[in-house]
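> Here is what each chain is made of, one letter per residue.
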Amino acid sequence: MAATRLVACEDCDLLQGLGEIPEGATALCVRCGGVLRRRRRNSVERTLALTLAASVLFVVANSFPFLAFDMKGQVTRTTLLTGVVDLYEQGVWQIAGLVGLTAVAAPLAQLALLLYVLLPVHVGRIPWQMSRAFRLLRHVQPWSMMEVFLVGILVAVTKLVDMASVVPGLALWAFALLIVVLAGATASLDPEAVWERLEARRA
Amino acid sequence: MSAAAATALATGRALCHECGLLCALPEHGAHGAGCPRCGGALHTRKPHSLERTSALLMAAALCYLPANLLPIMKITSLGRAQADTIMSGVVYLLTHGMWPLAIVVFTASVFVPILKILILTFLLVSVHRGSGWRPVERTRLYRITEAIGRWSMVDVFVVTILVALVRLGNLATVEAQSGAVFFGAVVVLTMLAAESFDPRLIWDRSEARRP
Chain A
394 MAATRLVACE DCDLLQGLGE IPEGATALCV RCGGVLRRRR RNSVERTLAL
444 TLAASVLFVV ANSFPFLAFD MKGQVTRTTL LTGVVDLYEQ GVWQIAGLVG
494 LTAVAAPLAQ LALLLYVLLP VHVGRIPWQM SRAFRLLRHV QPWSMMEVFL
544 VGILVAVTKL VDMASVVPGL ALWAFALLIV VLAGATASLD PEAVWERLEA
594 RRA
Chain B
271 MSAAAATALA TGRALCHECG LLCALPEHGA HGAGCPRCGG ALHTRKPHSL
321 ERTSALLMAA ALCYLPANLL PIMKITSLGR AQADTIMSGV VYLLTHGMWP
371 LAIVVFTASV FVPILKILIL TFLLVSVHRG SGWRPVERTR LYRITEAIGR
421 WSMVDVFVVT ILVALVRLGN LATVEAQSGA VFFGAVVVLT MLAAESFDPR
471 LIWDRSEARR P
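The listed protein sequences derive, respectively, from chains A and B. The first sequence begins at 394 in this note's numbering and counts up one residue at a time. The second sequence begins at 271 in this note's numbering and counts up one residue at a time.
One thing to keep in mind: the hints can contain errors.
[Stated by the list, open to error] Here are the computed distance ranges between Cβ atoms for each label pair:
| no. | chain 1 | residue 1 | chain 2 | residue 2 | range |
| --- | --- | --- | --- | --- | --- |
| 1 | A | Thr579 | B | Ala294 | 25 to 35 Å |
| 2 | A | Leu570 | B | Ala417 | 20 to 30 Å |
| 3 | A | Val452 | B | Ala276 | 43 to 53 Å |
| 4 | A | Leu570 | B | Gly282 | 48 to 58 Å |
| 5 | A | Gly466 | B | Lys344 | 47 to 57 Å |
| 6 | B | Arg413 | A | Thr475 | 35 to 45 Å |
| 7 | B | Thr346 | A | Thr579 | 33 to 43 Å |
Quick caveat, the hints were computed from the structure, so don't treat them as lab data. Think of the CB as a built atom: it goes at the ideal place given N, C-alpha and C, for glycine as much as any other residue.
Please put together the full structure from these sequences, using the hints given.
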């Protein structure tokens, strides 16, 4: 297995031999500096553990209000979903759709696909339609924008503090944690390792 | 051919866009071929990359002006209505002493979208003209463009949160306005444009020009 493998760079198409990469190291293209492969220690297990934690946090973050707004005794609370519904009711369905996709649907799909692929792979099985699910994950990932949403919360709160008092809710802390855990899960995923395990099972 | 670098394309191979496996192509080329590992369709280059990217980029440029000139939301507080554009939001943060946040919002909402449009236009023109100028740096520009695009969504999220929080009838309400729709369109269109651009074209053309 330690033999040099021929690979092509995703960004410039140059063919080059790739030897065994030490765990935790990243191989770069000799010509354009693009990433050829990022090898992670225990990629499958680590990503799976972080994804499980992220799933719990995702449920908490979406079940409770993340902000409460108190103006002269009148209080409104908002969860992610009520925000999307309010936009839809105001007639700006395009924005409602975009926010629903980037802050709810894409992160949910990302977590679900990761679990769907990694849980069986971890116990040495191949899930049904695994290739399709894992391919879909690549297309979903860029649209999952939780971390951007958190910056949005920060900006919104500073705009409101002059008007009334804003109270952070339980979901806000779950959000903040979720972003860290999700970033960890994304960073520890080495797709090549997953494909290698799949091929080993098939052979 | 002798001076050209050995690329997947030049040796009758294609890198699978889906799983990254280097695949040998059948005699008739990539058309209709599938990746043996993941089943994804194989292409030597992203299909119609230049046409697709230019079309998406033009659409994004058209939406950029209304996105910045039209109000993105209307804030009504105790009977006083005030329309907010992207820029007035930045100015508000500045005048209220929140300059770090003002810089974040200005960068994400004003600077990044126009930067993306300009960089991608430059890359398209340079590839179209077969330029051999600094391919490493141009590839790096492309990677930056791909990475920063998502942060422009901040203002769309701010509008969402304000709309959801401030709905107190006569006391105070926030309504989303058409500028937000154009703004969202700019973000999505530039993200799709960056996605459809194939950085390998930078290298193909600079290789072809070399004597």
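> Next, verify each hint and record whether it holds.
Going down the list of hints, with the structure as the test:
1. Checked against the hint of 25 to 35 Å, the C-beta distance between Thr579 of chain A and Ala294 of chain B comes to roughly 31 Å, which is consistent with it.
2. About 24 Å separates the C-beta atoms of Leu570 of chain A and Ala417 of chain B, a value consistent with the hinted range of 20 to 30 Å.
3. Range check, Val452 of chain A to Ala276 of chain B: about 50 Å between beta-carbon atoms, so the 43 to 53 Å window is met.
4. Checked against the given bound of 48 to 58 Å, the beta carbons of Leu570 of chain A and Gly282 of chain B, roughly 49 Å apart, stay inside it.
5. The hinted range of 47 to 57 Å is not satisfied by Gly466 of chain A and Lys344 of chain B, whose Cβ atoms lie roughly 24 Å apart.
6. Distance hint check for Arg413 of chain B and Thr475 of chain A: the Cβ-Cβ separation is about 37 Å, which falls inside the suggested range of 35 to 45 Å.
7. Look at Thr346 of chain B against Thr579 of chain A: about 40 Å separates their beta carbons, and that is inside 33 to 43 Å.
Comparing the model with each earlier hint shows a violation of hint 5 alone; every other hint is respected.
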